[in-house]
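Build the full structure now, drawing on both the sequences and the hints.
Protein chains in written order, with our numbering: chain A, 419 to 631; chain B, 419 to 631.
For chains that are exact copies, the list does not tell them apart, and a pair is met inside one copy or across any two.
Straight-line alpha carbon distances no greater than 20 Å define the calculated EDC-like cross-link-like pairs of lysine to aspartate or glutamate that follow:
#, residue 1, residue 2
1, LYS449, ASP606
2, LYS481, ASP492
3, LYS449, GLU460
4, LYS595, ASP606
5, LYS450, ASP530
6, LYS595, GLU463
7, LYS545, ASP517
Note that these hints are calculated values from the structure, not bench results.
Number of protein chains: 2
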Amino acid sequence: MAREESLSQERLTVGVAARLSRYLQVLTQAKKMGRDSISSQEIGEYTNVNATQIRRDLSGFGKFGKRGVGYNIDSLIGEIRGILRTSGQHNIALIGAGDLGRAIASSTVFADHGFHIAGVFDSDPRKVGTQISSLSVQNPATLAEMVREKNIIVGVLAVPPAAAQPAADALVDAGVKIIFSYSDALIDTPPDVTVHRSSPAAALLYALYFHLT
Amino acid sequence: MAREESLSQERLTVGVAARLSRYLQVLTQAKKMGRDSISSQEIGEYTNVNATQIRRDLSGFGKFGKRGVGYNIDSLIGEIRGILRTSGQHNIALIGAGDLGRAIASSTVFADHGFHIAGVFDSDPRKVGTQISSLSVQNPATLAEMVREKNIIVGVLAVPPAAAQPAADALVDAGVKIIFSYSDALIDTPPDVTVHRSSPAAALLYALYFHLT
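So this is what it looks like as structure tokens:
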């Protein structure tokens, strides 16, 4: 227990934090499917991380799978959320109410991990006021106010490449610190803002390499 | 030159291949923006990879940036494509013609990296025959034939979580070896098929950790 506490107070390396996030994604889905336990081999198959690496990462904070049974999913989810300090609910702002924005708002891809879409924004006046899931599309002029009121630190960009930089600028001006962009476009932000991009093509290039060689 | 040749014939590690794919994504976008050269610092800002690591990766195959100028983008793109052996055009099958499928088909996120969407499929009879970009949505019954004819080894899943496994099964039966899924759902495939999943929430959890601590 002492060991566990001390480890969860240490700052994780980028690699460990990234892998724990991916394990958490798999565990959350397995729980949704009604599963109680899961083996390191299975987590490995779903994350493309080596099972030995997974066991090493999890034993680092005192979790050991039972032979023939695996890890208790609920307990592991709680533990990883605690370590990543992301147990709470986080509000996010979604920019873009086109096909992609609609797909994101109606999926559970964020909600499953505690990210609540607090507002959808679009600069197209024809889209403002229309309904997406339970949300009414808003004018970006109201973005800063919502970011302040709902304590939003994450913004998701679902806009065409040419609109990515201005939309990111609006998020940054509003005080958002983490941006996830579905566009490949390069975005410049101040040093205290981090940008993550969806990179399906990069993932495929890399998968293709291992398939072709 | 001899060194470069020998290195590009070696099998890359998973980490290097993944990073090269991400550099390639950034270089491709920078080229689209009309840029001729780029520094390791800039690649680092866009990929969240350390500039020292980038210089090490690139010098490994004989590419050295010029101080104050950086790397020649065209030359680096050609080099990385050669090393990843993904210089050609690759046909992909897109499964799902909903909001997400439409957004994917009308974006250049795959085309920019040499992935050509050869066909869009949907099991909903009301969608079959409708037009998405320049493609007519097809019945999944024709999937295997197209995979054979167009030599498709990559399938992209843009379906709701509950439809992910049956859609993946159809791709696997048709002979597809690499699947990219936009759904979080866990998918079981034979060992010779690799599945990559879009993981926006995992990326955010991980970004949040470094932001909050």
